[in-house]
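Asks: Listed here are the chains, written in short residue letters.
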Amino acid sequence: MRIEKHPILSFEKKNKLHFTFNGRDLVGYEGDTIAAALHDNDIMHYSNSLIKKRPRGFYCAIGNCGSCNMTVDGVLNVKTCITPLKDRMVVESELDEVTIHG
Amino acid sequence: MVKRDLIIVGAGPAGLSAAKVALEAGLTVTIIERAAILGGQLTKQTHKFFGSKEEYAKTRGIDIASILIDELKNYEKRLEILKEATVVGMYKDYVLTIYQGNEYFKYQAKAIIIATGASEKVLAFENNDLPGIYGAGAVQTLMNLYGIVPGNEVVMVGSGNIGLIVSYQLIQAGVKVKALLEAASNIGGYLVHAAKLVRLGVPIYTKTSVKKAFGDKQLEKIETVKLDENWQYIEGTEEIINCDALCISVGLTPLHQLLSMAEVDMIYISELGGLIPKKTPDYETSMPRVYACGDVTGIEEASSAMVEGKIAGLMAARDLGHRHKKFNELEKQFKDQLQNLRQGPSGVKIRLGLQKAGEEL
Chain P
14 MRIEKHPILS FEKKNKLHFT FNGRDLVGYE GDTIAAALHD NDIMHYSNSL IKKRPRGFYC
74 AIGNCGSCNM TVDGVLNVKT CITPLKDRMV VESELDEVTI HG
Chain X
10 MVKRDLIIVG AGPAGLSAAK VALEAGLTVT IIERAAILGG QLTKQTHKFF GSKEEYAKTR
70 GIDIASILID ELKNYEKRLE ILKEATVVGM YKDYVLTIYQ GNEYFKYQAK AIIIATGASE
130 KVLAFENNDL PGIYGAGAVQ TLMNLYGIVP GNEVVMVGSG NIGLIVSYQL IQAGVKVKAL
190 LEAASNIGGY LVHAAKLVRL GVPIYTKTSV KKAFGDKQLE KIETVKLDEN WQYIEGTEEI
250 INCDALCISV GLTPLHQLLS MAEVDMIYIS ELGGLIPKKT PDYETSMPRV YACGDVTGIE
310 EASSAMVEGK IAGLMAARDL GHRHKKFNEL EKQFKDQLQN LRQGPSGVKI RLGLQKAGEE
370 L
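Going line by line, the protein sequences match chains P and X.
All the letters of the first sequence, read from the start, carry residue numbers 14 to 115 under our numbering.
All the letters of the second sequence, read from the start, carry residue numbers 10 to 370 under our numbering.
Do not rely on the hints blindly, as some may be mistaken.
To be verified - Taking beta-carbon pairs under 7 angstroms as the criterion, some of the chain X residues facing chain P (in silico):
# : residue
1 : ALA44
2 : TYR143
3 : GLY144
4 : GLN181
5 : ASN349
Claimed, not checked - Straight line, CA to CA, 20 angstroms or less: simulated SDA-like cross-link-like pairs of lysine to any residue:
#  : chain 1 : residue 1 : chain 2 : residue 2
6  : X       : LYS57     : P       : PRO20
7  : P       : LYS18     : X       : ARG69
8  : P       : LYS65     : X       : LYS185
9  : P       : LYS18     : X       : ASP225
10 : X       : LYS92     : P       : MET14
11 : X       : LYS185    : P       : CYS78
12 : P       : LYS66     : X       : LYS185
13 : X       : LYS235    : X       : LYS344
14 : X       : LYS187    : P       : ILE16
15 : X       : LYS226    : P       : ARG67
16 : P       : LYS18     : X       : LYS344
17 : X       : LYS226    : P       : LYS26
18 : X       : LYS92     : P       : LEU108
19 : X       : LYS67     : P       : ILE21
20 : X       : LYS67     : P       : GLU43
21 : P       : LYS26     : X       : ARG69
22 : X       : LYS185    : P       : ASP55
23 : P       : LYS65     : X       : PHE134
24 : X       : LYS130    : P       : MET14
25 : X       : LYS220    : P       : ASN82
26 : X       : LYS344    : X       : GLY362
27 : X       : LYS205    : P       : ILE21
28 : X       : LYS226    : P       : ASN35
It should be emphasised that the hints constitute simulated quantities derived from the structure, not laboratory data.
Because the structure is a prediction, the values reported are computed rather than measured.
Just so you know, even glycine gets a beta-carbon here, dropped at the ideal spot from N, CA and C.
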């Protein structure tokens with residue numbers, strides 16, 4: 014959900030950007046990071062924990078924790094919280110790809 | 010391999026301030042920043058700063074970021090800035106390995122300033138990894154940088170300045186703050202911030218923590234519990250609060266990893282947030298011509314990070330043969346400023362931490 018009114022900041026709606034997340038067509042705005050745009054689309058489940066596969070959202074939003082890592086345009090483990098959204102991006106969560114053996 | 014004079018890692022308040030002074034002294038500078046924008050955590054701080062004029066008191070953090078960035082514009086010919094670039098390794102031969110836009114490359118520097126800042130601590134309780142549970146700073150980023158609210162009803166854990174300020178900023182963004190929990194018996198941050206929340210009707214519960222979070226795929230409610238003098242749960246005092254977002258604001262810890270990787274001498278000081286580099290009064294670490302400043306040297310305020318950055322920039326320039334024209338005057342000014350910032354009751358913990366680290370005060 015976007016902030017409409019704010020006593021200090023102004024958030025003008027910028028140009029729309031179209032992207033896909035796990036095959037779904039979604040819309041974000043210029044200036045968004047990938048993670049911010051996903052959150053605005055009510056997507057909360059960003060990754061799974063490695064061993065127990067528990068759902069993880071995003072935690073730090075500044076590139077420290079890694080719980081928002083996704084595959085973006087074919088590149089693995091992109092920190093989506095610090096990567097600006099671009100038009101036509103293909104974003105995929107890595108829910109099953111990463112497994113720890115042993 | 011690309012060779013450089015001074016490389017600064019991190020473009021927050023400390024890194025930008027270091028760059029300005031080093032450039033002023035005549036050095037050629039490279040700044041490497043992980044984010045797409047400069048300013049670090051200042052870029053989301055909509056509140057006005059305290060302190061004195063030199064540290065931009067009464068100015069909002071977001072505006073301080075713009076000032077610091079603008080100040081570098083006079084030196085564009087001697088300044089290189091890599092954005093969306095992460096330093097992933099630091100080695101004893103002054104080599105930094107960098108990852109940017111799916112490319113991996115190396116820089117070698119004559120001097121390095123580490124200004125990587127800090128990360129938010131987590132809190133241990135059942136289901137603390139459910140989506141909808143965030144660091145308070147993450148929520149501040151989401152709201153103030155991207156204009157997106159985390160949820161409709163929020164509970165804040167921790168009453169330090171970040172917890173208090175972010176609670177107020179949540180309300181400014183139109184979000185309901187249902188409660189603020191504090192494990193200690195007193196409010197941790199400035200009372201002026203807490204008073205604002207109380208006036209807006211936010212209940213503050215001291216000696217209280219989160220015991221458990223509930224939710225299927227994402228947070229739906231939490232269970233709070235009262236704590237005794239030994240910080241243990243008091244059985245039978247549990248209460249449920251419905252909320253779709255929980256903010257954890259239980260302190261920060263220095264992002265020391267690059268320094269540790271280069272085997273710089275480190276020391277664990279809980280008062281300063283964790284593992285910090287040992288350093289001289291000139292902010293030089295045990296590795297010659299490697300300096301550290303800002304929260305990576307111990308958690309303080311952005312005001313002190315800026316002053317520490319200026320000291321590191323001044324010393325790095327001197328050690329590379331570019332002694333600032335006003336070196337003596339500036340050195341005294343910066344060191345006095347730092348001492349002033351650390352005075353008074355809010356600086357007790359910092360002074361104790363620095364003493365434990367064996368630093369002169």
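Asks: Now tell me if each hint is right for this structure.
Replies: Hint-by-hint comparison with the structure:
no.	hint	verdict
1	ALA44	holds, 5 angstroms
2	TYR143	holds, 6 angstroms
3	GLY144	holds, 5 angstroms
4	GLN181	holds, 6 angstroms
5	ASN349	violated, 28 angstroms
6	X:LYS57 with P:PRO20	holds, 14 angstroms
7	P:LYS18 with X:ARG69	holds, 19 angstroms
8	P:LYS65 with X:LYS185	violated, 33 angstroms
9	P:LYS18 with X:ASP225	violated, 32 angstroms
10	X:LYS92 with P:MET14	violated, 28 angstroms
11	X:LYS185 with P:CYS78	violated, 27 angstroms
12	P:LYS66 with X:LYS185	violated, 31 angstroms
13	X:LYS235 with X:LYS344	violated, 43 angstroms
14	X:LYS187 with P:ILE16	holds, 19 angstroms
15	X:LYS226 with P:ARG67	holds, 9 angstroms
16	P:LYS18 with X:LYS344	violated, 42 angstroms
17	X:LYS226 with P:LYS26	violated, 30 angstroms
18	X:LYS92 with P:LEU108	violated, 29 angstroms
19	X:LYS67 with P:ILE21	holds, 14 angstroms
20	X:LYS67 with P:GLU43	violated, 31 angstroms
21	P:LYS26 with X:ARG69	violated, 23 angstroms
22	X:LYS185 with P:ASP55	holds, 18 angstroms
23	P:LYS65 with X:PHE134	holds, 17 angstroms
24	X:LYS130 with P:MET14	violated, 26 angstroms
25	X:LYS220 with P:ASN82	violated, 28 angstroms
26	X:LYS344 with X:GLY362	holds, 18 angstroms
27	X:LYS205 with P:ILE21	holds, 16 angstroms
28	X:LYS226 with P:ASN35	holds, 17 angstroms
Comparing the model with each numbered hint stated earlier shows that hints 5, 8, 9, 10, 11, 12, 13, 16, 17, 18, 20, 21, 24 and 25 do not hold.
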